[in-house]
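So the sequences go chain by chain: B and E.
Heads up, the working numbering is the position in the first sequence plus 245, with the first residue counted as 1.
Heads up, the working numbering is the position in the second sequence plus 9, with the first residue counted as 1.
These are computed hints drawn from the structure, not numbers from a lab.
These numbers come from a predicted model, not from an experiment.
Careful, some of the hints might be misleading.
Claimed, not checked - In silico DSBU-like pairs for lysine-lysine, Cα to Cα no more than 35 Å straight-line: (1) E:62 to E:22; (2) B:314 to E:22; (3) B:248 to E:80; (4) B:297 to B:248; (5) E:22 to B:297; (6) B:297 to E:66; (7) E:27 to B:297; (8) E:12 to B:248; (9) B:314 to E:79; (10) E:12 to E:66; (11) E:62 to B:248; (12) E:22 to E:64; (13) E:62 to E:79; (14) E:27 to B:314; (15) E:66 to E:27; (16) B:314 to E:66; (17) B:248 to E:66.
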Amino acid sequence: DAKTTQPTSMDCAEGRAANLPCNHSTISGNEYVYWYRQIHSQGPQYIIHGLKNNETNEMASLIITEDRKSSTLILPHATLRDTAVYYCISAYSSASKIIFGSGTRLSIRP
Amino acid sequence: DVKVTQSSRYLVKRTGEKVFLECVQDMDHENMFWYRQDPGLGLRLIYFSYDVKMKEKGDIPEGYSVSREKKERFSLILESASTNQTSMYLCASSSLGGQGAYGGETQYFGPGTRLLVL
Numbered sequence: 246d247a248k249t250t251q252p253t254s255m256d257c258a259e260g261r262a263a264n265l266p267c268n269h270s271t272i273s274g275n276e277y278v279y280w281y282r283q284i285h286s287q288g289p290q291y292i293i294h295g296l297k298n299n300e301t302n303e304m305a306s307l308i309i310t311e312d313r314k315s316s317t318l319i320l321p322h323a324t325l326r327d328t329a330v331y332y333c334i335s336a337y338s339s340a341s342k343i344i345f346g347s348g349t350r351l352s353i354r355p
Numbered sequence: 010d011v012k013v014t015q016s017s018r019y020l021v022k023r024t025g026e027k028v029f030l031e032c033v034q035d036m037d038h039e040n041m042f043w044y045r046q047d048p049g050l051g052l053r054l055i056y057f058s059y060d061v062k063m064k065e066k067g068d069i070p071e072g073y074s075v076s077r078e079k080k081e082r083f084s085l086i087l088e089s090a091s092t093n094q095t096s097m098y099l100c101a102s103s104s105l106g107g108q109g110a111y112g113g114e115t116q117y118f119g120p121g122t123r124l125l126v127l
């Protein structure tokens, strides 16, 4: 599975959009980009995934660049409950072994 | 919604004790996983299972064993607990994955068990 790089930490004002970047420059053609988050003292929670096209669900939007070397997770209206560590992962499938990197610690300011 | 439950949220054991951590999922998933999570080290895979009675070692299996007698249940066993096994233990499950066009399956995690070994 390809390696991803993310900023160590970010912050965002409550009610604003939080944009979390991820670089996956060595991603191969049939690897997906997954995003999970982990709120303190809880298990990781799946957010969204995509292959080539941008994706949106009730939690977030995922924007993948045309060359697929980077992506951005967008939380459209951040709330205090979105404070968590966000992990970007690239893999053929996260059904089997996946590797969680260090992630981005997102803090939401009231 | 997929539900993955773990038998305890917090557990305190003594060195040398045998410890059982239980995980149950209710979505008929084929795959189940045990991770441990430590500050600065992220999530590390201990063991996983693709089917009943099947098990595969992950990255850090030493000091652990697992049991999967039923599809919905995956147990992690610490044969003789040691202080360096103090950690957060996370169970996960997923449906059978594949490559290519069928990729994209996700793992669903339980709430975690915080184990303290004294």
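Now the hints, each set against the structure:
no.: 1; hint: E:62 to E:22; result: holds (27 Å)
no.: 2; hint: B:314 to E:22; result: violated (46 Å)
no.: 3; hint: B:248 to E:80; result: holds (32 Å)
no.: 4; hint: B:297 to B:248; result: holds (17 Å)
no.: 5; hint: E:22 to B:297; result: violated (47 Å)
no.: 6; hint: B:297 to E:66; result: holds (32 Å)
no.: 7; hint: E:27 to B:297; result: violated (47 Å)
no.: 8; hint: E:12 to B:248; result: holds (29 Å)
no.: 9; hint: B:314 to E:79; result: violated (41 Å)
no.: 10; hint: E:12 to E:66; result: holds (24 Å)
no.: 11; hint: E:62 to B:248; result: holds (32 Å)
no.: 12; hint: E:22 to E:64; result: holds (26 Å)
no.: 13; hint: E:62 to E:79; result: holds (8 Å)
no.: 14; hint: E:27 to B:314; result: violated (46 Å)
no.: 15; hint: E:66 to E:27; result: holds (20 Å)
no.: 16; hint: B:314 to E:66; result: holds (31 Å)
no.: 17; hint: B:248 to E:66; result: holds (22 Å)
In this structure, the hints that do not hold are numbers 2, 5, 7, 9, 14, in rising order.
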